[in-house]
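Just so you know, the protein sequences line up as chains V and P, in that order.
When we follow my numbering, the leftmost residue of the first sequence carries the number 3, and every step to the right adds one.
When we follow my numbering, the leftmost residue of the second sequence carries the number 18, and every step to the right adds one.
Bear in mind the hints are in silico, worked out from the structure with no lab data behind them.
Some hints could be false.
Okay, the calculated beta carbon distance ranges per label pair [what the hints assert, rightly or not]: (1) P/Ser47 - V/Ala45: 26 to 36 Å; (2) P/Gly89 - V/Gly103: 35 to 45 Å; (3) V/Leu107 - P/Leu21: 52 to 62 Å.
Residues from chain V shown here face chain P by an in silico Cβ test under 10 Å; the list is partial [unchecked claim]: (4) Thr26; (5) Ser52; (6) Val88.
Stretches of chain V that chain P covers, calculated by requiring three or more beta carbons in the stretch to come under 8 Å of a beta carbon on chain P [what the hints assert, rightly or not]: (7) 27-33; (8) 38-50.
Predicted, not measured: the structure shown is a model, and the values here were computed from it.
Built from N, CA and C at the ideal position, the CB exists for glycine as well.
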Amino acid sequence: MSPTEAALDRVTRIPGVRGVLLVTGSDGLVVAEQLMDGVDGRAAAALTASLVGRLSRAAESAGLRPPAFVHVRGDTGSVLAAPAAVDLVLVAVVGPDANVGLARLEMIEAASRLD
Amino acid sequence: MRALEPWVVDPLQSFLTESSARLTLLMTTSGQVVAQHGFSRSLDVMTAAALGAGIVASTEELARLMGASRFGALVHHGVGQSCLLSAFATPRGRWIGLVVFGPETSVGIVQLFFDQMVQQLMTAAPREQAASPMLAENFESELNASLKALFGR
Chain V
3 MSPTEAALDR VTRIPGVRGV LLVTGSDGLV VAEQLMDGVD GRAAAALTAS
53 LVGRLSRAAE SAGLRPPAFV HVRGDTGSVL AAPAAVDLVL VAVVGPDANV
103 GLARLEMIEA ASRLD
Chain P
18 MRALEPWVVD PLQSFLTESS ARLTLLMTTS GQVVAQHGFS RSLDVMTAAA
68 LGAGIVASTE ELARLMGASR FGALVHHGVG QSCLLSAFAT PRGRWIGLVV
118 FGPETSVGIV QLFFDQMVQQ LMTAAPREQA ASPMLAENFE SELNASLKAL
168 FGR
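When you get a sec, could you build the whole thing from the sequences and use the hints?
Here it is, written out as structure tokens:
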């Protein structure tokens with residue numbers, strides 16, 4: 003199993019995770035994905051990569067370091083993002099009942115292994 | 018932004034707002050401009066339309082030679098700005114979109130909202146009137162009328 007597949011597999015096993023993607027940060031294109039039906043991976047990839055890029059620029063403008071983890075919470079679930087190696091972002095789409103804390107730990111760990 | 022047909026305006030405006038594209042050109046496969054955003058000179062529009070239509074024709078022929086179906090889109094990545102070129106079917110015939118964008122957006126965002134614009138154009142296109150063929154004797158007057166509509170002069 004490749005490091006990319008291992009990273010996706012590790013996060014996908016967490017209960018409540020509906021999909022995981024590895025995305026290029028600058029382009030917002032999907033590098034690898036494991037998604038359940040009904041999750042629009044291309045849209046999630048493009049929009050989350052854009053969001054992470056803008057948040058990074060906002061943090062840098064404020065004299066802060068880029069975010070290590072991003073959590074966007076909605077009524078019916080959340081989008082989680084962990085910037086990985088240069089120009090890669092690990093993205094997870096999770097349901098409302100997912101263990102976000104565990105997902106966060108696993109995503110940061112998985113992202114660090116992609117460096 | 019200027020468009021020859023009013024039903025193109027809303028989908029194109031939505032695309033421009035969401036994608037942050039710098040320049041956008043919608044044209045037929047023969048290079049006739051349907052709408053444009055960001056161009057200030059008619060000469061630039063005509064040149065871009067002719068080149069874009071030529072590139073799409075070349076890549077589609079290349080795809081045919083390779084035994085593949087048509088390419089979905091063609092993206093040129095540049096340092097300061099990039100270009101997306103994509104042909105798509107509409108009820109008015111096959112059209113081409115040429116989009117120039119910078120680092121303030123991404124190719125993923127541009128492709129995502131370009132595809133949404135195509136869907137909106139499919140829905141918004143009037144069905145009752147088929148596209149009329151461009152006849153050689155009408156070409157110059159049609160071209161001048163189009164440029165006047167696209168640039169207001």
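- Does the CB of V/Val88 sit less than 10 Å away from some CB of chain P? At 16 Å from the nearest chain P Cβ, V/Val88 fails the 10 Å test, so the hint is violated.
- Query: Given V/Thr26 was flagged as interface, is its beta-carbon under 10 Å from a beta-carbon of chain P?
  - Reply: holds, 8 Å
- Message: Given the hint of 52 to 62 Å, is the C-beta distance from V/Leu107 to P/Leu21 inside that range or not?
- Response: With a Cβ separation near 55 Å, V/Leu107 and P/Leu21 satisfy 52 to 62 Å, so the hint holds.
- Apply the coverage criterion to the stretch 38-50 of chain V and chain P: a residue qualifies when its Cβ sits closer than 8 Å to a Cβ of the chain, and three qualifying residues are needed. holds (count 5)
- Interface hint outcome for V/Ser52 [beta carbon to chain P under 10 Å]: At about 5 Å, which falls below the 10 Å cut-off, the nearest Cβ of chain P leaves the hint on V/Ser52 intact, so it holds.
- Query: Is the distance from the Cβ of P/Ser47 to the Cβ of V/Ala45 consistent with 26 to 36 Å?
  - Reply: At roughly 33 Å between Cβ atoms, V/Ala45 and P/Ser47 fall inside 26 to 36 Å, so the hint holds.
- Has the hinted range 35 to 45 Å been met by the Cβ atoms of P/Gly89 and V/Gly103? Given a distance of about 40 Å, which is inside 35 to 45 Å, the answer is holds.
- Message: Closer than 8 Å Cβ to Cβ for three or more residues is the test here. Does the stretch 27-33 of chain V pass it with chain P?
- Response: Satisfied; 4 residues make the cut.
In summary, the one numbered hint that this structure violates is 6.
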